[in-house]
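Asks: Read top to bottom, the protein sequences are chains A and B. Following our numbering, the numbering of the first sequence begins with 1 at its first residue and continues without gaps. Following our numbering, the numbering of the second sequence begins with 1001 at its first residue and continues without gaps.
For the record, the hints were derived by calculation from the structure and aren't laboratory data. A virtual CB, placed ideally from N, CA and C, is assigned to each residue, including glycine. Among the hints, erroneous ones may be present.
Unchecked claim - The calculated lysine-lysine pairs, modelled on DSSO-like cross-linking and capped at a C-alpha distance of 30 Å, are:
{"no.": "1", "chain 1": "B", "residue 1": "Lys1714", "chain 2": "A", "residue 2": "Lys22"}
{"no.": "2", "chain 1": "A", "residue 1": "Lys86", "chain 2": "B", "residue 2": "Lys1669"}
{"no.": "3", "chain 1": "B", "residue 1": "Lys1668", "chain 2": "A", "residue 2": "Lys88"}
{"no.": "4", "chain 1": "B", "residue 1": "Lys1679", "chain 2": "A", "residue 2": "Lys44"}
{"no.": "5", "chain 1": "B", "residue 1": "Lys1269", "chain 2": "A", "residue 2": "Lys106"}
{"no.": "6", "chain 1": "A", "residue 1": "Lys6", "chain 2": "A", "residue 2": "Lys22"}
{"no.": "7", "chain 1": "A", "residue 1": "Lys86", "chain 2": "B", "residue 2": "Lys1695"}
{"no.": "8", "chain 1": "B", "residue 1": "Lys1681", "chain 2": "A", "residue 2": "Lys46"}
{"no.": "9", "chain 1": "B", "residue 1": "Lys1700", "chain 2": "A", "residue 2": "Lys86"}
{"no.": "10", "chain 1": "A", "residue 1": "Lys164", "chain 2": "A", "residue 2": "Lys44"}
{"no.": "11", "chain 1": "B", "residue 1": "Lys1656", "chain 2": "A", "residue 2": "Lys164"}
{"no.": "12", "chain 1": "B", "residue 1": "Lys1355", "chain 2": "A", "residue 2": "Lys88"}
{"no.": "13", "chain 1": "A", "residue 1": "Lys106", "chain 2": "B", "residue 2": "Lys1630"}
{"no.": "14", "chain 1": "B", "residue 1": "Lys1355", "chain 2": "A", "residue 2": "Lys64"}
{"no.": "15", "chain 1": "A", "residue 1": "Lys17", "chain 2": "B", "residue 2": "Lys1668"}
{"no.": "16", "chain 1": "A", "residue 1": "Lys88", "chain 2": "B", "residue 2": "Lys1586"}
{"no.": "17", "chain 1": "B", "residue 1": "Lys1039", "chain 2": "B", "residue 2": "Lys1355"}
{"no.": "18", "chain 1": "B", "residue 1": "Lys1656", "chain 2": "B", "residue 2": "Lys1645"}
{"no.": "19", "chain 1": "B", "residue 1": "Lys1269", "chain 2": "A", "residue 2": "Lys44"}
{"no.": "20", "chain 1": "B", "residue 1": "Lys1311", "chain 2": "B", "residue 2": "Lys1288"}
{"no.": "21", "chain 1": "B", "residue 1": "Lys1695", "chain 2": "A", "residue 2": "Lys22"}
{"no.": "22", "chain 1": "B", "residue 1": "Lys1681", "chain 2": "A", "residue 2": "Lys106"}
{"no.": "23", "chain 1": "A", "residue 1": "Lys46", "chain 2": "B", "residue 2": "Lys1668"}
{"no.": "24", "chain 1": "B", "residue 1": "Lys1669", "chain 2": "A", "residue 2": "Lys44"}
{"no.": "25", "chain 1": "A", "residue 1": "Lys106", "chain 2": "B", "residue 2": "Lys1586"}
{"no.": "26", "chain 1": "B", "residue 1": "Lys1027", "chain 2": "A", "residue 2": "Lys106"}
{"no.": "27", "chain 1": "B", "residue 1": "Lys1695", "chain 2": "A", "residue 2": "Lys106"}
{"no.": "28", "chain 1": "B", "residue 1": "Lys1027", "chain 2": "B", "residue 2": "Lys1039"}
{"no.": "29", "chain 1": "A", "residue 1": "Lys86", "chain 2": "B", "residue 2": "Lys1714"}
To be verified - Far from chain B by the CB rule (all over 12 Å, computed), these chain A residues:
{"no.": "30", "residue": "Lys6"}
{"no.": "31", "residue": "Ile24"}
{"no.": "32", "residue": "Asp30"}
{"no.": "33", "residue": "Asn48"}
{"no.": "34", "residue": "Ala63"}
{"no.": "35", "residue": "Glu67"}
{"no.": "36", "residue": "Gly75"}
{"no.": "37", "residue": "Pro146"}
{"no.": "38", "residue": "Asp162"}
{"no.": "39", "residue": "Lys164"}
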Amino acid sequence: MNVDKKTLERMIEGDLKWDELKPIISGRKDQNRFDKIMEILQEKVKWNERILLPLHEHLYIVAKEGERIVKCDCGHEFGDYNVNWKTKCRVRVRDTIEAIDELYPKFMGSDPEWEELREYYCPGCLTLLDVEAAPPGYPTIFNFLPDIDAFYENWLGRSPPDKK
Amino acid sequence: MSRKTIGWNGKTVKEMLEESEKLIEEKKSYHGIQNLSLKEEDPFRYERAYASLRGALVSARETALHVAASPIVTEIGELCFALYTPEGDSIAVSTGILVHVHTMSEGIKFMIREGYEEDPTINQGDIFLNNDPQCGNVHTTDVQTLIPIFWEDELIGWAGGVTHQIDIGGITPGHTLVSSIQRFDDGAYYTCRKIGSNDKIWRDHMIGAKKSVRSPMYWELDEKCRLAGNLMIRDAVYDFIKREGIEYYKQFMREAIEEGRRIVQERVKERLIPGRYRASSFMDLPMKDQAWVPIAREDKISNHPIEVIVKEDGSFSLSFDGASAGGANAFNCDKGAMEGGQWVLLTQILIYGDKVNDGAYFAVEKDYPLGTWANPGDPYLSYQAPWGNLIPAYTTMMKCISYGLFSRGFREEVVPGYGFTGDSIQGGGVFSAGPLLGERWMLSTFEISGQGLGASAVRDGLNWGYAMWNPEADLGDVETWELFQGGIPYLSRKVKPNTPGHGKFRGGANYGSVAFIANSEKVEFFAGREGLVFHGSGGMHGGYPNATSYRLSGTNTNLEEIFRNKQDYPIDDADPSNGQFERFLKGDIKRLPIGTIYPIALENYDIIHFAESGGPGYGDPLERRVDSIKRDLDDGLYTSDIVNKVYGVVATYDDKSEEWLIDEEATKKRQEDIRNERKDKSMTFEEYWEYERKKLTEGKLYEAVSKMYSESLKLSSKWGKEFREFWKFPEDFQMEVK
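Bound conformation, chain B alone (with noise of 0.2 Å):
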């Protein structure tokens, strides 16, 4: 005999969701609805009871992360709550990490279409744990509580949490690991598993995730945490029930849905213009010489074309045709990280507002085309740093909707991109010595959510302040970093000089930072940045990109004997062809142009150097104003002579008055000679186009780049026609790759 089936009106919940999809698809309107009757007939008390379900999420969220949580969750704030339909589609999110407006629908959908309603069930008081990228996360290190919420014997919803793990024991400690590039080296995945019952984690569960993981003290707080959330969004549902009824609850949770698609819709027709816009960026991935496994030694670099169609209707679609390869990388982007790093930023950069919801998510159709790195189509391949791709690929999305933006007047709100969140610098040791000896450290400082954002059209860019998956970003305290990764002290962190983007207003700037290894063993440290290219899409109008990372490191140093003498130790690399390690270290230097290194081993007295992204700038630098470039110089964010050759402006250094001092004149005729300088160093369009075009024809490209090209030519026709006619290549042309 069948179970008792657990939809409305004694259906299944799997029967509920195909009904759900087959009426968007018709009238192409949430659950087919064309009046918002809820909201038209009584307004305050809809709106009232929107936001006591907004109220209960954001009070789960401030609760649960004080109640038991990780450095990372309490610290930047790194979690997000849902409340969801028996469906799984969101009607309420959180504030926090709103990457997850759409991820945690996608694990809930999965669990209905796999049956779990027949087995393994689906009860009040089960829990279930998602961290799956095939299920709709991100990646495995942000890791799903799901829980059903019935009504008598019906299901009536879903509470979402999600939190990112400071580790989830892949092949190296970290949480975001360059080189993993398969599933299995992806760290523990639970795909939707059925981890408790009757609000009860079950003890079996617990005992083998902690030893899934490098931090298991972690791993638990931030699982009560995820739990005592959910269970609080549950009870307000109750209470809402109980004040206005379940009927009114059923037909207000497709309401809010609408009215959160309608909004998209009403915003876009605010605040841009129909047509077409595009972008794109690029990434970096040299691995030739130095991954471990053969099929991963190649050098990479992954195109990132975006375009969006802005339509009459107020619609829009997004489509990444015309993408390189996914691969043996951790790189690769499944559809819960491609829809998660695009809701963190429509949500910053055009849909603010207390009503995001799923509504958003049915307003944009989405292409991510098969086979490239924003859907590899293949489970097996790793998952487990799409931000590689999906941190450069989005500011082209920021980029396109800034075009618009501009041309509808709302200059204050132009983007253009943001930096890349890294220095991520990660690893970890054992402490050799001291109170914790034995006990192991993990490096993942979280820092990194406060990077430079791009200017805008009226104001310079925002300095160490953004992250673009984090719009509550802030970088925390160090001293709460060097607690869970004490083996790796800070020497140093201060403004490094030269990272904003240039331009008539200049990027966002940033910190750089030195640490060294102590009372350690068994250290292993990786980093993840571009390096051979420059961030994203770069600026607009003129501006120009943030400066690239690279990478610094001493080993072994007679870092100890300095420290006894009390001499002179490293404190920045304001100046990478005059740098202090050289100057202050005996010991092995080690400057390479990348920003993505696979781990390597550090000792006791190894120091490092790493520095966190400017942003990109905007419009011509020559029309940037003398006193701002003052100022540049003043707050030591440009040296005197980056601001010579790029911005024309001239000054020394007044001991005295402890100030930069413009010349004025010199000023005027510098950038006078950079005018001139423009005129003789450039050629006509069509001189242009013959010098670039010989690149691709004379065989001398660089593999990496030939090698994108030929991915792009053979996974998109269209992308393929107008590279073909562009160029005036053949229509069977195809990219050899040496």
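The following block holds chain A by itself, in its conformation from the complex (with noise of 0.2 Å):
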């Protein structure tokens, strides 16, 4: 289905009712997707460097002065998208019981000792970009690092929009 402008807005909001995603959830998926959501959000920061590619919900990679970096829509810059992001944040790390016990009801949370919590900050908004529940010593995990070129050349048919 052919979802407009305004209501991929509204759905990106968290404003659609329940009767009006489950049609664009169910249907066929609109092929001009990826174009419609990218201009959305273009017009949506508030800074001017061109959106490559959407990370996540608050992270986008943008071009920069012949760069490829992580930008935050704070504004904040976390450098060339190659490198795991997470690693240029702030970092707080649940690792008592007392510092779980603050989110979960007793014995509703890991045992530290076992599992602890990360919490990645935006170092610019503070916003809490990811958590990780993983075991003490545990690497941090670069989640996803895209094929921007491929991307666009390959499977959209056109060159990215910092090469044209």
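Hints given; two lone chains; assemble the complex.
Replies: Shown next as structure tokens:
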């Protein structure tokens, strides 16, 4: 189905009621969805760099001065998208029972000897960007490294916006 | 003189299988097919043909489950039928538990490779039974019936049906046995065994099989159910051939599978982004103080790292490189389990549609490294409860695909994971009173089919309505469960607060229940779920994992007296720090932080609490709308202390209007305080790196954790290299286990 821009904007904001959302979930996907979402997001952010790919609720891979960097919608820049953006975050580790019990009732959280919570915040706006539940000492996980050129050139059949 | 071959054109079926595998390897397409000529020449005929087979499978399933089946099958549809090529590749699959897109396929291929054509021979009317995880099954409790389909003298395919048993005669009663540590504990094994001929199950098999399980009546019902469905499928194939011709059928089956392969690639290119995706999940096995056998007495945490590579051509690979080891526990997975877990999810989140078949299997490369829990390579280990690893492990695949869906703009499809399908409470006993005196009852509730689903990027997760292994999840009726688990009637089932994972969009919520033992003796009770670690790979984009499980029971209680005096008895454990068990009961109240327990003995008027799982959350909880939190409070999904601490929402309950009222000013202030706290209690990544690295070098890691690292480092050079590089350890670094 062809979902119009206004509906997609409302969907991104979480405003769609179930009877509006259900047909979008179960119907055929609109083939130009990516372009419509990109247009909405580019209009939404307060900076001018061209978005190459939405990476996260708040993070985007953007073209800036010949580089491809990760940028938060608050404006904070995380650097090269090939490097895990989490390694540029502020981190809170919840590795005590007291710290975990702030979030979950007694008995309903992890045992910190077995598993801790790491909260990754944007250094610019302190938005919580990711929560990792992992045993102590587990390396920070690099969740997604997109192949931007292959996506644009081979799947969309056009050059990436920063290579035109 | 050798027997006449049953393959096509004078070939053996083994030769056909070898040829098929060679063509896929060389031509990179199913049977080397380049053009879908039947579809191109007459698409209406082709689609009608596919729909007729698919319809026959769905019809077989719907009919068979009403012909004869156990409550698990009839109530929640734990069965599935499929039609296969002579080589064992699925052409079409029914609705139902789509775990089995590829599982029965491996069973058929096993029989072909082992030379069943010669001995014990494969004939029209033969019936084969399989439940061996070494031959494509998930665990012994899934039982498969396979029948060959002949046209004249040629084998033209197989029909297969699978149902989930309530009991398989293992070391303890139940369907997913946590105390099983070796093959010999797993219950009855049928390794692709011929059990009938001339469309009739042999009497000696049925007598023996019924003696091998604790629920013989359900066993017999389910055997009849599977055979009835298979015979319906065979009839449908004959109708197809009479209508379309045998040559059309032969070519059609190949093209349908190749189309299935291409559909995956097209869907991947439509929905995802090429690139590398990674996530990790973990599962606790707290067996040190529980296991009966010395070799199993260890605490263990499983490492489930996944890497998904989406390639330029739309195919993708999936690897569990870096996974920790298998061992003397029930959570080991063989190929059938890994394939089953994978397909039941892919058919829900990416390649849903009617044309799901083994073409999809051929479109995905997999790596289940030898020696890991995902492929232990030891047939004598237990494979009885692979779901213990599969369920958390495949949250990672769901999360990886969700990163792609999000970037591509399909935010409505994002799901970071799902709740563990537990509490899987199990066991059983014998009636000591009442009309069923002396009869055995089974505790095997499948209300675990209704778990919390993860939030998406645009809405909250589904409450109490999802099971990763059953797309038609339905928790069933309590009244039905009580029919066959009559010795443990429910006292309550109600919403349990604080189960959903926090987030801008919260995960699905769930129920908690209280039940007690009645009119019984020789009662065994056990359960399986995470407890010391959060389930799966947690939330996404700032969302938190859902709450963990714990065990609560009361023994030697005064419940009988409470009933007699019509006093209050526990109906929930809404606040574990001030529980009704402690307030209302006299007796031994036991709370354990673990979710998986070995069988314990219970007696009449002993009482237990169990809770189903919530789902993980999405996004920063501070971005959740206040009106949504008010609704959560009004619905009892969260308590006010938790929303204060996590969401920064200050609310008071108004007795008069019987609703929660939000203090907007106080909420604004509280949320500002949380933001400031984030700055004060966090550190730079460099500081974090130093802080965290010390945990690995100071020798203070809990033994289960250091053992997990030790296993992963030894089993994978790639994972080990990245681990060492991340922490700047020397190339020969190994983790010492205390």
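Asks: For each hint, tell me whether it holds in the structure or not.
Replies: So, going through the hints one by one against the coordinates:
1. B/Lys1714 <-> A/Lys22: At roughly 47 Å apart (the allowed maximum being 30 Å), lysine 22 of chain A and lysine 1714 of chain B break the hint.
2. A/Lys86 <-> B/Lys1669: 28 Å, holds
3. B/Lys1668 <-> A/Lys88: 28 Å, holds
4. B/Lys1679 <-> A/Lys44: 26 Å, holds
5. B/Lys1269 <-> A/Lys106: Violated. Lysine 1269 of chain B to lysine 106 of chain A sits at ~45 Å, over the 30 Å cutoff.
6. A/Lys6 <-> A/Lys22: OK: lysine 6 of chain A and lysine 22 of chain A at ~16 Å, within 30 Å.
7. A/Lys86 <-> B/Lys1695: 20 Å, holds
8. B/Lys1681 <-> A/Lys46: Holds: lysine 1681 of chain B and lysine 46 of chain A sit about 29 Å apart, inside 30 Å.
9. B/Lys1700 <-> A/Lys86: Distance ~26 Å between lysine 1700 of chain B and lysine 86 of chain A Cα, so the pair holds.
10. A/Lys164 <-> A/Lys44: 23 Å, holds
11. B/Lys1656 <-> A/Lys164: Status violated; Cα separation ~65 Å.
12. B/Lys1355 <-> A/Lys88: Not OK: lysine 1355 of chain B and lysine 88 of chain A at ~44 Å, beyond 30 Å, violated.
13. A/Lys106 <-> B/Lys1630: 23 Å, holds
14. B/Lys1355 <-> A/Lys64: 44 Å, violated
15. A/Lys17 <-> B/Lys1668: With a Cα-Cα distance of about 26 Å, the restraint between lysine 17 of chain A and lysine 1668 of chain B holds, given a limit of 30 Å.
16. A/Lys88 <-> B/Lys1586: 54 Å, violated
17. B/Lys1039 <-> B/Lys1355: 13 Å, holds
18. B/Lys1656 <-> B/Lys1645: 26 Å, holds
19. B/Lys1269 <-> A/Lys44: Roughly 27 Å between the alpha carbons, so the hint for lysine 1269 of chain B and lysine 44 of chain A holds.
20. B/Lys1311 <-> B/Lys1288: 43 Å, violated
21. B/Lys1695 <-> A/Lys22: 47 Å, violated
22. B/Lys1681 <-> A/Lys106: 22 Å, holds
23. A/Lys46 <-> B/Lys1668: Satisfied, since the Cα-Cα distance of roughly 24 Å is no more than 30 Å.
24. B/Lys1669 <-> A/Lys44: 27 Å, holds
25. A/Lys106 <-> B/Lys1586: Holds - the C-alpha atoms of lysine 1586 of chain B and lysine 106 of chain A are around 22 Å apart, at most 30 Å.
26. B/Lys1027 <-> A/Lys106: 58 Å, violated
27. B/Lys1695 <-> A/Lys106: 25 Å, holds
28. B/Lys1027 <-> B/Lys1039: Roughly 20 Å between the alpha carbons, so the hint for lysine 1027 of chain B and lysine 1039 of chain B holds.
29. A/Lys86 <-> B/Lys1714: 27 Å, holds
30. Lys6: 15 Å, holds
31. Ile24: Label violated. Min Cβ-Cβ 5 Å, cutoff 12 Å.
32. Asp30: 9 Å, violated
33. Asn48: 21 Å, holds
34. Ala63: 16 Å, holds
35. Glu67: With a cut-off of 12 Å, glutamate 67 of chain A remains clear of chain B, as the shortest Cβ separation is near 18 Å.
36. Gly75: The assertion about glycine 75 of chain A holds, with a minimum of 17 Å to chain B.
37. Pro146: 4 Å, violated
38. Asp162: 16 Å, holds
39. Lys164: 19 Å, holds
Of the numbered hints given earlier, the model fails hints 1, 5, 11, 12, 14, 16, 20, 21, 26, 31, 32 and 37; all others are met.
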